Amino acid sequence: MIFKRQFFAVLAWLLIFCSHAQALTPTQARAIAAGETDDRIAALNAAAAAGEPGLAPFVQAMLDDGVKLTPAQVLVIDGENVKDAATGKPAQLPEDAEDVVNNNRMRGALQQALAALKLLSPDVTLRREAVAALSKEPLEEAQLPLLEKAIAAETDAALKDKLTTLRAGLFVASPDKAKRLAAAQQLSEASDASVKSLLIDRLAVEPDAEVKAALTQALGAIERHLAWGERLGLVFTGISLGSILLLVALGLAITYGLMGVINMAHGELMMIGAYATYVVQNLFRTYLPGAFDWYVVAAIPASFLASALVGAILERSVIRWLYGRPLETLLATWGISLVLMQGVRSLFGAQNVPVENPAWLSGGVAAMSNLTLPFNRIAIIAFAFLVLGGVAAMIAKTRLGLFVRGVTQNRRMAACMGVNTARIDTYAFALGAGIAGLAGCALSQVGNVGPDLGQSYIVDSFMVVVLGGVGQLAGTVIAALGLGVLNKLLEGVAGAVLAKIMVLVFIVVFIQKRPQGLFAMKGRSAEA
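In our numbering, the protein residues as written are 592 to 1119.
It should be emphasised that the hints constitute simulated quantities derived from the structure, not laboratory data. Just so you know, not all the hints are guaranteed correct.
Here are the computed lysine-lysine pairs in the DSS-like style, where the Cα-Cα straight-line distance is at most 25 Å [stated by the list, open to error]:
1. K787 to K768
2. K740 to K770
3. K1104 to K1091
4. K727 to K751
5. K768 to K740
6. K803 to K768
7. K727 to K803
8. K787 to K751
9. K803 to K787
10. K740 to K751
11. K787 to K770
12. K787 to K727
13. K727 to K740
14. K770 to K803
15. K727 to K770
The structure presented is a predicted model; accordingly, all values stated were derived computationally and were not measured.
Given these sequences and hints, build the entire structure.
This is the structure we're talking about:
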(Lines of atoms letter the chains of each structure in order from A and count residues from 1; the text may use other names and numbers.)
(Lines give C-alpha, C1' and ligand atoms only; values in the text may rest on other atoms or scores of the structure.)
Protein backbone atom coordinates (compact mmCIF):
# COMPACT_ATOMS: atom_id res chain seq x y z
CA MET A 1 0.00 0.00 0.00
CA ILE A 2 2.84 2.43 0.84
CA PHE A 3 4.49 1.71 -2.51
CA LYS A 4 1.19 2.35 -4.33
CA ARG A 5 0.67 5.69 -2.55
CA GLN A 6 4.21 6.76 -3.40
CA PHE A 7 3.78 5.66 -7.01
CA PHE A 8 0.55 7.62 -7.48
CA ALA A 9 2.05 10.66 -5.73
CA VAL A 10 5.03 10.62 -8.10
CA LEU A 11 2.70 10.08 -11.06
CA ALA A 12 0.49 12.99 -10.04
CA TRP A 13 3.52 15.20 -9.52
CA LEU A 14 4.90 14.37 -12.96
CA LEU A 15 1.50 14.88 -14.57
CA ILE A 16 1.29 18.35 -13.06
CA PHE A 17 4.64 19.23 -14.55
CA CYS A 18 3.86 17.54 -17.86
CA SER A 19 0.63 19.46 -18.19
CA HIS A 20 2.67 22.69 -18.06
CA ALA A 21 5.55 21.45 -20.18
CA GLN A 22 5.10 24.36 -22.61
CA ALA A 23 6.39 26.75 -19.91
CA LEU A 24 9.93 25.65 -20.85
CA THR A 25 10.86 27.92 -23.75
CA PRO A 26 12.75 26.70 -26.85
CA THR A 27 15.69 28.90 -25.85
CA GLN A 28 15.82 27.35 -22.36
CA ALA A 29 15.58 23.79 -23.72
CA ARG A 30 18.40 24.36 -26.22
CA ALA A 31 20.59 26.11 -23.65
CA ILE A 32 20.27 23.11 -21.31
CA ALA A 33 20.74 20.48 -24.03
CA ALA A 34 23.57 21.98 -26.11
CA GLY A 35 26.72 23.99 -25.63
CA GLU A 36 29.55 24.07 -23.12
CA THR A 37 29.01 22.21 -19.87
CA ASP A 38 29.35 25.33 -17.71
CA ASP A 39 26.78 27.19 -19.81
CA ARG A 40 24.39 24.26 -19.78
CA ILE A 41 24.63 23.90 -16.00
CA ALA A 42 24.06 27.66 -15.58
CA ALA A 43 20.96 27.48 -17.76
CA LEU A 44 19.73 24.41 -15.91
CA ASN A 45 20.16 26.07 -12.51
CA ALA A 46 18.46 29.24 -13.72
CA ALA A 47 15.45 27.28 -14.92
CA ALA A 48 15.33 25.29 -11.68
CA ALA A 49 15.57 28.48 -9.59
CA ALA A 50 12.67 29.97 -11.57
CA GLY A 51 10.67 26.81 -10.83
CA GLU A 52 9.88 26.16 -14.48
CA PRO A 53 7.14 23.49 -14.35
CA GLY A 54 8.20 21.90 -17.64
CA LEU A 55 11.75 21.33 -16.43
CA ALA A 56 11.29 18.13 -14.41
CA PRO A 57 10.11 15.83 -17.24
CA PHE A 58 12.71 17.35 -19.55
CA VAL A 59 15.53 16.71 -17.08
CA GLN A 60 14.30 13.16 -16.55
CA ALA A 61 14.29 12.62 -20.31
CA MET A 62 17.87 13.87 -20.52
CA LEU A 63 18.92 11.49 -17.75
CA ASP A 64 17.23 8.68 -19.69
CA ASP A 65 19.13 9.69 -22.87
CA GLY A 66 15.80 10.46 -24.51
CA VAL A 67 16.59 13.93 -25.91
CA LYS A 68 17.78 14.70 -29.47
CA LEU A 69 18.76 17.93 -31.21
CA THR A 70 17.93 19.30 -34.64
CA PRO A 71 18.88 22.74 -35.99
CA ALA A 72 15.34 23.94 -35.29
CA GLN A 73 14.05 21.88 -32.35
CA VAL A 74 14.89 20.02 -29.16
CA LEU A 75 13.00 16.71 -29.26
CA VAL A 76 12.03 14.36 -26.44
CA ILE A 77 11.83 10.66 -27.38
CA ASP A 78 9.49 8.46 -25.35
CA GLY A 79 9.37 5.02 -26.96
CA GLU A 80 7.66 5.53 -30.31
CA ASN A 81 6.44 9.02 -29.40
CA VAL A 82 8.39 12.15 -30.35
CA LYS A 83 7.50 15.54 -28.85
CA ASP A 84 8.85 19.04 -29.00
CA ALA A 85 10.57 19.73 -25.66
CA ALA A 86 9.14 23.25 -25.44
CA THR A 87 5.57 22.94 -26.73
CA GLY A 88 4.93 19.29 -25.88
CA LYS A 89 3.33 18.82 -29.31
CA PRO A 90 3.99 15.73 -31.46
CA ALA A 91 6.87 16.08 -33.87
CA GLN A 92 8.71 14.12 -36.54
CA LEU A 93 12.17 12.69 -35.85
CA PRO A 94 14.45 13.68 -38.75
CA GLU A 95 17.31 11.45 -39.77
CA ASP A 96 19.92 14.10 -38.97
CA ALA A 97 18.82 14.44 -35.31
CA GLU A 98 21.79 14.29 -32.95
CA ASP A 99 21.98 12.69 -29.51
CA VAL A 100 22.49 14.94 -26.51
CA VAL A 101 25.76 13.99 -24.80
CA ASN A 102 25.92 14.33 -21.01
CA ASN A 103 29.26 13.94 -19.32
CA ASN A 104 29.49 12.91 -15.67
CA ARG A 105 29.48 16.49 -14.43
CA MET A 106 26.38 17.35 -16.44
CA ARG A 107 24.63 14.20 -15.36
CA GLY A 108 25.35 15.03 -11.72
CA ALA A 109 23.94 18.52 -12.21
CA LEU A 110 20.80 17.06 -13.82
CA GLN A 111 20.30 14.67 -10.93
CA GLN A 112 20.77 17.47 -8.42
CA ALA A 113 18.34 19.74 -10.28
CA LEU A 114 15.73 16.99 -10.38
CA ALA A 115 16.16 16.43 -6.65
CA ALA A 116 15.85 20.17 -6.01
CA LEU A 117 12.60 20.32 -7.97
CA LYS A 118 11.22 17.51 -5.81
CA LEU A 119 11.61 19.77 -2.78
CA LEU A 120 8.31 21.36 -3.78
CA SER A 121 6.49 18.04 -4.15
CA PRO A 122 3.32 17.59 -2.02
CA ASP A 123 4.58 14.10 -1.05
CA VAL A 124 6.74 14.25 2.09
CA THR A 125 8.49 11.00 1.10
CA LEU A 126 9.68 12.56 -2.16
CA ARG A 127 10.84 15.64 -0.28
CA ARG A 128 12.86 13.48 2.14
CA GLU A 129 14.48 11.68 -0.79
CA ALA A 130 15.27 15.04 -2.40
CA VAL A 131 16.92 16.39 0.77
CA ALA A 132 18.95 13.18 1.12
CA ALA A 133 20.10 13.45 -2.50
CA LEU A 134 21.03 17.12 -2.18
CA SER A 135 23.00 16.44 1.01
CA LYS A 136 25.43 14.20 -0.86
CA GLU A 137 26.85 16.95 -3.09
CA PRO A 138 27.64 20.64 -2.42
CA LEU A 139 24.97 22.99 -3.74
CA GLU A 140 25.54 25.84 -6.16
CA GLU A 141 24.47 29.41 -5.46
CA ALA A 142 22.13 29.36 -8.44
CA GLN A 143 19.98 26.86 -6.54
CA LEU A 144 19.51 29.23 -3.60
CA PRO A 145 16.16 30.74 -4.75
CA LEU A 146 14.61 27.30 -5.11
CA LEU A 147 16.04 26.30 -1.72
CA GLU A 148 14.58 29.44 -0.10
CA LYS A 149 11.22 28.69 -1.66
CA ALA A 150 11.35 25.11 -0.34
CA ILE A 151 12.26 26.30 3.18
CA ALA A 152 9.35 28.75 3.18
CA ALA A 153 6.89 26.09 2.01
CA GLU A 154 8.16 23.16 4.12
CA THR A 155 5.76 22.02 6.88
CA ASP A 156 7.81 19.13 8.29
CA ALA A 157 10.01 20.48 11.12
CA ALA A 158 12.81 17.91 10.67
CA LEU A 159 13.00 18.51 6.92
CA LYS A 160 12.95 22.26 7.45
CA ASP A 161 15.96 21.97 9.77
CA LYS A 162 17.83 19.92 7.17
CA LEU A 163 17.00 22.41 4.43
CA THR A 164 18.22 25.24 6.65
CA THR A 165 21.46 23.33 7.20
CA LEU A 166 21.82 22.90 3.42
CA ARG A 167 21.40 26.64 2.99
CA ALA A 168 24.00 27.31 5.66
CA GLY A 169 26.34 24.92 3.87
CA LEU A 170 25.85 27.00 0.74
CA PHE A 171 26.48 30.29 2.58
CA VAL A 172 29.64 29.01 4.26
CA ALA A 173 31.47 29.44 0.94
CA SER A 174 29.92 32.84 0.20
CA PRO A 175 32.24 35.78 -0.60
CA ASP A 176 30.29 37.76 2.01
CA LYS A 177 32.04 37.45 5.41
CA ALA A 178 28.82 38.15 7.36
CA LYS A 179 27.07 35.28 5.58
CA ARG A 180 29.97 32.93 6.31
CA LEU A 181 29.91 33.86 10.00
CA ALA A 182 26.14 33.35 10.20
CA ALA A 183 26.49 30.01 8.38
CA ALA A 184 29.19 28.84 10.79
CA GLN A 185 26.95 29.71 13.76
CA GLN A 186 24.04 27.85 12.23
CA LEU A 187 26.12 24.80 11.27
CA SER A 188 27.32 24.47 14.87
CA GLU A 189 23.80 23.24 15.71
CA ALA A 190 23.92 20.51 13.06
CA SER A 191 24.71 16.87 13.85
CA ASP A 192 25.44 15.26 10.49
CA ALA A 193 28.81 13.75 9.69
CA SER A 194 28.51 15.33 6.22
CA VAL A 195 28.47 18.80 7.85
CA LYS A 196 31.63 17.88 9.72
CA SER A 197 33.33 17.04 6.41
CA LEU A 198 32.07 20.29 4.92
CA LEU A 199 33.54 22.33 7.79
CA ILE A 200 36.88 20.52 7.60
CA ASP A 201 37.11 21.23 3.86
CA ARG A 202 36.15 24.88 4.38
CA LEU A 203 38.67 25.36 7.18
CA ALA A 204 41.45 24.34 4.82
CA VAL A 205 40.71 27.26 2.46
CA GLU A 206 39.16 29.94 4.73
CA PRO A 207 41.32 33.12 4.60
CA ASP A 208 39.61 35.17 7.35
CA ALA A 209 40.79 34.53 10.92
CA GLU A 210 37.43 35.44 12.53
CA VAL A 211 35.48 33.14 10.24
CA LYS A 212 38.09 30.44 10.73
CA ALA A 213 37.62 30.67 14.51
CA ALA A 214 33.84 30.41 14.09
CA LEU A 215 34.24 27.39 11.82
CA THR A 216 36.58 25.74 14.34
CA GLN A 217 34.05 26.33 17.11
CA ALA A 218 31.25 24.89 14.97
CA LEU A 219 33.40 21.87 14.14
CA GLY A 220 34.07 21.26 17.83
CA ALA A 221 30.35 21.45 18.63
CA ILE A 222 29.52 18.92 15.90
CA GLU A 223 32.30 16.58 17.02
CA ARG A 224 30.98 16.68 20.60
CA HIS A 225 27.50 15.88 19.37
CA LEU A 226 28.75 13.02 17.22
CA ALA A 227 30.83 11.73 20.14
CA TRP A 228 27.66 11.43 22.20
CA GLY A 229 26.11 9.40 19.41
CA GLU A 230 29.10 7.06 19.44
CA ARG A 231 28.95 6.69 23.23
CA LEU A 232 25.23 5.98 23.19
CA GLY A 233 25.82 3.51 20.36
CA LEU A 234 28.37 1.65 22.49
CA VAL A 235 25.98 1.55 25.45
CA PHE A 236 23.13 0.29 23.27
CA THR A 237 25.37 -2.36 21.69
CA GLY A 238 26.49 -3.41 25.17
CA ILE A 239 22.90 -3.67 26.40
CA SER A 240 22.07 -5.68 23.29
CA LEU A 241 24.97 -8.06 23.95
CA GLY A 242 23.97 -8.19 27.61
CA SER A 243 20.40 -9.13 26.72
CA ILE A 244 21.72 -12.00 24.60
CA LEU A 245 23.95 -13.14 27.47
CA LEU A 246 20.94 -12.83 29.77
CA LEU A 247 18.87 -15.13 27.56
CA VAL A 248 21.69 -17.66 27.38
CA ALA A 249 22.45 -17.45 31.10
CA LEU A 250 18.83 -17.73 32.26
CA GLY A 251 18.77 -21.41 31.35
CA LEU A 252 22.07 -21.93 33.17
CA ALA A 253 20.71 -20.10 36.19
CA ILE A 254 18.26 -23.00 36.49
CA THR A 255 20.36 -26.00 35.47
CA TYR A 256 23.55 -24.84 37.20
CA GLY A 257 22.37 -22.26 39.68
CA LEU A 258 19.38 -24.18 41.04
CA MET A 259 20.23 -27.79 40.20
CA GLY A 260 24.03 -27.68 40.47
CA VAL A 261 24.56 -29.33 37.06
CA ILE A 262 27.60 -28.09 35.11
CA ASN A 263 26.06 -28.45 31.68
CA MET A 264 28.71 -27.97 28.99
CA ALA A 265 26.09 -28.84 26.35
CA HIS A 266 24.03 -25.74 27.18
CA GLY A 267 25.40 -23.92 24.13
CA GLU A 268 24.36 -26.81 21.89
CA LEU A 269 20.83 -26.68 23.30
CA MET A 270 20.81 -23.04 22.25
CA MET A 271 22.05 -24.10 18.82
CA ILE A 272 19.11 -26.51 18.53
CA GLY A 273 16.74 -23.59 19.13
CA ALA A 274 18.43 -21.62 16.36
CA TYR A 275 18.12 -24.54 13.92
CA ALA A 276 14.47 -25.00 14.92
CA THR A 277 13.98 -21.35 13.89
CA TYR A 278 15.68 -22.10 10.58
CA VAL A 279 13.37 -25.08 9.96
CA VAL A 280 10.24 -23.06 10.79
CA GLN A 281 11.44 -20.30 8.45
CA ASN A 282 11.78 -22.77 5.58
CA LEU A 283 8.37 -24.30 6.29
CA PHE A 284 6.75 -20.86 6.14
CA ARG A 285 8.65 -19.99 2.96
CA THR A 286 7.42 -23.22 1.31
CA TYR A 287 3.87 -23.57 2.61
CA LEU A 288 2.87 -20.12 3.91
CA PRO A 289 4.78 -17.57 1.82
CA GLY A 290 2.13 -14.93 2.39
CA ALA A 291 2.66 -15.12 6.16
CA PHE A 292 6.45 -15.36 6.01
CA ASP A 293 6.96 -12.18 8.04
CA TRP A 294 5.33 -13.90 11.02
CA TYR A 295 7.42 -17.06 11.05
CA VAL A 296 9.27 -15.78 14.14
CA VAL A 297 6.03 -15.96 16.14
CA ALA A 298 5.80 -19.68 15.37
CA ALA A 299 9.56 -20.19 15.78
CA ILE A 300 9.54 -19.02 19.41
CA PRO A 301 7.47 -21.93 20.81
CA ALA A 302 9.05 -24.34 18.30
CA SER A 303 12.59 -23.48 19.47
CA PHE A 304 11.56 -23.77 23.12
CA LEU A 305 9.89 -27.15 22.65
CA ALA A 306 12.71 -28.58 20.51
CA SER A 307 15.42 -27.68 23.02
CA ALA A 308 13.25 -28.63 26.02
CA LEU A 309 12.59 -32.06 24.51
CA VAL A 310 16.29 -32.69 23.90
CA GLY A 311 17.05 -31.46 27.42
CA ALA A 312 14.47 -33.78 28.96
CA ILE A 313 15.90 -36.75 27.06
CA LEU A 314 19.43 -35.88 28.21
CA GLU A 315 18.35 -35.54 31.82
CA ARG A 316 16.43 -38.81 31.88
CA SER A 317 19.10 -40.80 30.03
CA VAL A 318 22.42 -39.42 31.30
CA ILE A 319 22.39 -36.55 33.75
CA ARG A 320 20.01 -38.06 36.33
CA TRP A 321 22.72 -40.59 37.21
CA LEU A 322 25.36 -37.92 37.80
CA TYR A 323 23.79 -35.54 40.35
CA GLY A 324 26.32 -34.63 43.04
CA ARG A 325 29.26 -35.63 40.83
CA PRO A 326 30.32 -32.36 39.16
CA LEU A 327 33.45 -33.63 37.40
CA GLU A 328 31.62 -36.57 35.79
CA THR A 329 28.74 -34.26 34.83
CA LEU A 330 31.12 -31.81 33.18
CA LEU A 331 32.84 -34.53 31.14
CA ALA A 332 29.56 -36.22 30.18
CA THR A 333 27.86 -33.00 29.02
CA TRP A 334 31.00 -31.99 27.11
CA GLY A 335 30.80 -35.31 25.25
CA ILE A 336 27.09 -34.74 24.64
CA SER A 337 27.87 -31.32 23.16
CA LEU A 338 30.22 -32.95 20.63
CA VAL A 339 27.55 -35.50 19.73
CA LEU A 340 24.93 -32.78 19.22
CA MET A 341 27.26 -30.70 17.03
CA GLN A 342 28.09 -33.68 14.86
CA GLY A 343 24.42 -34.60 14.61
CA VAL A 344 23.59 -31.10 13.36
CA ARG A 345 26.45 -31.28 10.86
CA SER A 346 25.07 -34.55 9.54
CA LEU A 347 21.52 -33.17 9.19
CA PHE A 348 22.13 -29.62 7.97
CA GLY A 349 25.76 -29.59 6.81
CA ALA A 350 28.85 -28.02 8.30
CA GLN A 351 28.23 -24.58 6.75
CA ASN A 352 26.19 -21.82 8.34
CA VAL A 353 22.55 -21.70 7.30
CA PRO A 354 20.76 -18.44 6.43
CA VAL A 355 18.01 -17.15 8.72
CA GLU A 356 16.26 -14.10 7.30
CA ASN A 357 14.84 -11.26 9.33
CA PRO A 358 11.14 -10.63 8.77
CA ALA A 359 10.30 -7.23 7.31
CA TRP A 360 9.16 -5.80 10.64
CA LEU A 361 12.55 -6.63 12.21
CA SER A 362 14.53 -5.08 9.36
CA GLY A 363 15.79 -1.52 9.42
CA GLY A 364 16.06 0.59 12.52
CA VAL A 365 15.31 3.84 14.33
CA ALA A 366 17.58 6.79 13.48
CA ALA A 367 17.99 8.16 17.02
CA MET A 368 20.82 10.48 15.92
CA SER A 369 22.63 11.21 12.69
CA ASN A 370 25.33 8.67 13.56
CA LEU A 371 23.22 6.36 15.73
CA THR A 372 20.72 3.89 14.33
CA LEU A 373 19.03 1.41 16.67
CA PRO A 374 18.27 -1.79 14.69
CA PHE A 375 14.78 -3.18 15.17
CA ASN A 376 16.07 -6.73 15.63
CA ARG A 377 18.32 -5.65 18.51
CA ILE A 378 15.50 -3.68 20.14
CA ALA A 379 13.23 -6.71 19.79
CA ILE A 380 15.83 -9.01 21.40
CA ILE A 381 16.22 -6.67 24.38
CA ALA A 382 12.44 -6.60 24.89
CA PHE A 383 12.20 -10.36 24.35
CA ALA A 384 14.95 -11.07 26.90
CA PHE A 385 13.13 -9.13 29.60
CA LEU A 386 9.81 -10.77 28.71
CA VAL A 387 11.43 -14.19 29.12
CA LEU A 388 13.03 -13.03 32.37
CA GLY A 389 9.67 -11.89 33.68
CA GLY A 390 8.07 -15.19 32.70
CA VAL A 391 10.79 -17.26 34.38
CA ALA A 392 10.69 -15.16 37.56
CA ALA A 393 6.90 -15.41 37.72
CA MET A 394 6.98 -19.16 37.14
CA ILE A 395 9.63 -19.77 39.81
CA ALA A 396 7.91 -17.52 42.35
CA LYS A 397 4.20 -18.05 41.65
CA THR A 398 3.54 -21.49 40.16
CA ARG A 399 3.31 -24.96 41.65
CA LEU A 400 6.21 -26.15 39.49
CA GLY A 401 8.31 -23.23 40.70
CA LEU A 402 7.47 -24.07 44.31
CA PHE A 403 8.52 -27.70 43.77
CA VAL A 404 11.77 -26.63 42.05
CA ARG A 405 12.64 -24.32 44.93
CA GLY A 406 11.72 -27.01 47.47
CA VAL A 407 13.85 -29.70 45.79
CA THR A 408 16.74 -27.25 45.40
CA GLN A 409 16.71 -26.23 49.06
CA ASN A 410 16.09 -29.63 50.63
CA ARG A 411 15.65 -32.63 48.34
CA ARG A 412 14.98 -35.16 51.12
CA MET A 413 12.38 -33.03 52.85
CA ALA A 414 10.64 -32.35 49.53
CA ALA A 415 10.53 -36.10 48.84
CA CYS A 416 9.06 -36.71 52.32
CA MET A 417 6.32 -34.19 51.49
CA GLY A 418 5.31 -36.25 48.46
CA VAL A 419 7.17 -34.35 45.74
CA ASN A 420 8.34 -36.55 42.89
CA THR A 421 11.90 -35.20 42.88
CA ALA A 422 12.99 -37.16 39.80
CA ARG A 423 10.15 -35.69 37.75
CA ILE A 424 10.86 -32.18 39.04
CA ASP A 425 14.51 -32.59 38.04
CA THR A 426 13.41 -33.46 34.52
CA TYR A 427 10.98 -30.53 34.34
CA ALA A 428 13.56 -28.08 35.65
CA PHE A 429 16.29 -29.27 33.29
CA ALA A 430 13.86 -29.20 30.34
CA LEU A 431 12.86 -25.65 31.32
CA GLY A 432 16.50 -24.53 31.37
CA ALA A 433 17.10 -26.21 28.01
CA GLY A 434 13.95 -24.59 26.56
CA ILE A 435 15.12 -21.14 27.63
CA ALA A 436 18.43 -21.88 25.89
CA GLY A 437 16.38 -22.66 22.78
CA LEU A 438 14.70 -19.25 23.06
CA ALA A 439 18.16 -17.70 23.21
CA GLY A 440 19.04 -19.55 20.00
CA CYS A 441 15.88 -18.24 18.33
CA ALA A 442 16.84 -14.69 19.29
CA LEU A 443 20.45 -15.14 18.19
CA SER A 444 19.34 -16.36 14.77
CA GLN A 445 18.05 -12.84 14.08
CA VAL A 446 21.39 -11.12 14.62
CA GLY A 447 24.11 -13.63 13.73
CA ASN A 448 25.06 -16.72 11.80
CA VAL A 449 23.45 -20.07 12.58
CA GLY A 450 25.92 -22.94 12.46
CA PRO A 451 27.02 -26.05 14.36
CA ASP A 452 29.52 -24.02 16.42
CA LEU A 453 27.01 -21.38 17.49
CA GLY A 454 26.92 -22.41 21.15
CA GLN A 455 30.68 -22.45 21.61
CA SER A 456 30.83 -18.65 21.41
CA TYR A 457 28.54 -18.13 24.40
CA ILE A 458 28.97 -21.03 26.83
CA VAL A 459 31.95 -19.54 28.71
CA ASP A 460 30.40 -16.06 28.85
CA SER A 461 27.11 -17.45 30.14
CA PHE A 462 28.88 -19.39 32.94
CA MET A 463 30.72 -16.18 33.87
CA VAL A 464 27.39 -14.35 34.08
CA VAL A 465 25.87 -16.95 36.41
CA VAL A 466 28.91 -17.13 38.67
CA LEU A 467 29.36 -13.35 38.79
CA GLY A 468 25.68 -12.72 39.50
CA GLY A 469 25.47 -15.31 42.25
CA VAL A 470 24.52 -18.96 41.90
CA GLY A 471 20.75 -19.37 41.82
CA GLN A 472 20.03 -15.61 41.79
CA LEU A 473 17.98 -14.31 38.85
CA ALA A 474 18.49 -10.66 39.85
CA GLY A 475 22.25 -11.21 39.92
CA THR A 476 22.08 -12.86 36.51
CA VAL A 477 20.36 -9.79 35.04
CA ILE A 478 22.83 -7.29 36.49
CA ALA A 479 25.85 -9.44 35.60
CA ALA A 480 24.67 -10.01 32.01
CA LEU A 481 23.96 -6.35 31.25
CA GLY A 482 27.04 -5.18 33.14
CA LEU A 483 29.38 -7.57 31.33
CA GLY A 484 27.80 -6.71 27.98
CA VAL A 485 28.30 -2.95 28.42
CA LEU A 486 31.76 -3.37 30.00
CA ASN A 487 32.90 -5.62 27.16
CA LYS A 488 31.81 -3.15 24.47
CA LEU A 489 33.36 -0.17 26.26
CA LEU A 490 36.66 -2.01 26.60
CA GLU A 491 36.55 -3.10 22.94
CA GLY A 492 36.56 0.55 21.91
CA VAL A 493 39.75 1.11 23.93
CA ALA A 494 41.73 -2.13 23.72
CA GLY A 495 40.20 -4.21 20.90
CA ALA A 496 38.01 -7.32 21.01
CA VAL A 497 40.64 -9.85 22.16
CA LEU A 498 42.18 -7.73 24.92
CA ALA A 499 38.71 -6.66 26.05
CA LYS A 500 37.70 -10.32 26.53
CA ILE A 501 40.90 -10.99 28.51
CA MET A 502 40.36 -7.93 30.68
CA VAL A 503 36.77 -8.96 31.45
CA LEU A 504 37.94 -12.46 32.39
CA VAL A 505 40.65 -11.05 34.68
CA PHE A 506 38.08 -8.77 36.30
CA ILE A 507 35.76 -11.71 37.01
CA VAL A 508 38.60 -13.83 38.45
CA VAL A 509 39.64 -11.01 40.79
CA PHE A 510 36.03 -10.33 41.75
CA ILE A 511 35.33 -13.97 42.57
CA GLN A 512 38.50 -14.10 44.64
CA LYS A 513 37.20 -11.23 46.75
CA ARG A 514 33.54 -12.27 46.75
CA PRO A 515 33.11 -15.98 45.95
CA GLN A 516 29.33 -15.87 46.42
CA GLY A 517 28.91 -13.40 43.55
CA LEU A 518 26.96 -10.17 43.50
CA PHE A 519 24.01 -11.68 45.36
CA ALA A 520 24.67 -14.38 47.94
CA MET A 521 22.17 -17.21 48.45
CA LYS A 522 20.34 -16.89 51.75
CA GLY A 523 18.67 -19.40 54.06
CA ARG A 524 19.37 -23.05 54.75
CA SER A 525 20.41 -23.71 51.17
CA ALA A 526 23.38 -21.41 51.71
CA GLU A 527 24.51 -23.50 54.64
CA ALA A 528 24.37 -26.84 52.83
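Right, here's what the structure says about each hint:
1. Under the criterion of a C-alpha separation no larger than 25 Å, the hint pairing K787 with K768 is consistent with the structure, at around 20 Å.
2. With a C-alpha separation of about 19 Å, the suggested pairing of K740 with K770 holds against the 25 Å cut-off.
3. Between K1104 and K1091 the CA atoms are separated by roughly 20 Å; this keeps the pair inside 25 Å, and the hint holds.
4. Using a Cα cut-off of 25 Å, the hinted pair K727 and K751 holds, with the two alpha carbons roughly 17 Å apart.
5. For the given pair, K768 sits about 24 Å from K740 by alpha-carbon distance, which is consistent with the 25 Å threshold.
6. For the suggested pair K803 and K768, the alpha carbons sit about 11 Å apart, so the restraint of at most 25 Å is met.
7. Note on K727 and K803: the hinted pairing holds, with a Cα-Cα distance of about 24 Å set against a maximum of 25 Å.
8. With a C-alpha separation of about 19 Å, the suggested pair K787 and K751 falls inside the 25 Å cut-off, and the hint holds.
9. About 14 Å separates the Cα atoms of K803 and K787, which keeps this hinted pair within 25 Å; it holds.
10. Annotation: proposed proximity of K740 to K751 holds, straight-line Cα distance about 11 Å (limit 25 Å).
11. Our distance criterion of 25 Å between C-alpha atoms is met by K787 and K770, whose separation comes to about 18 Å.
12. Note on K787 and K727: the hinted pairing holds, with a Cα-Cα distance of about 13 Å set against a maximum of 25 Å.
13. In summary, the hint linking K727 to K740 is supported, as the alpha carbons are separated by about 20 Å, within the 25 Å threshold.
14. This hinted pair checks out: K770 and K803 have alpha carbons roughly 13 Å apart, not beyond 25 Å.
15. About 22 Å separates the Cα atoms of K727 and K770, which keeps this hinted pair within 25 Å; it holds.
In this structure, none of the earlier numbered hints is contradicted; all agree with it.
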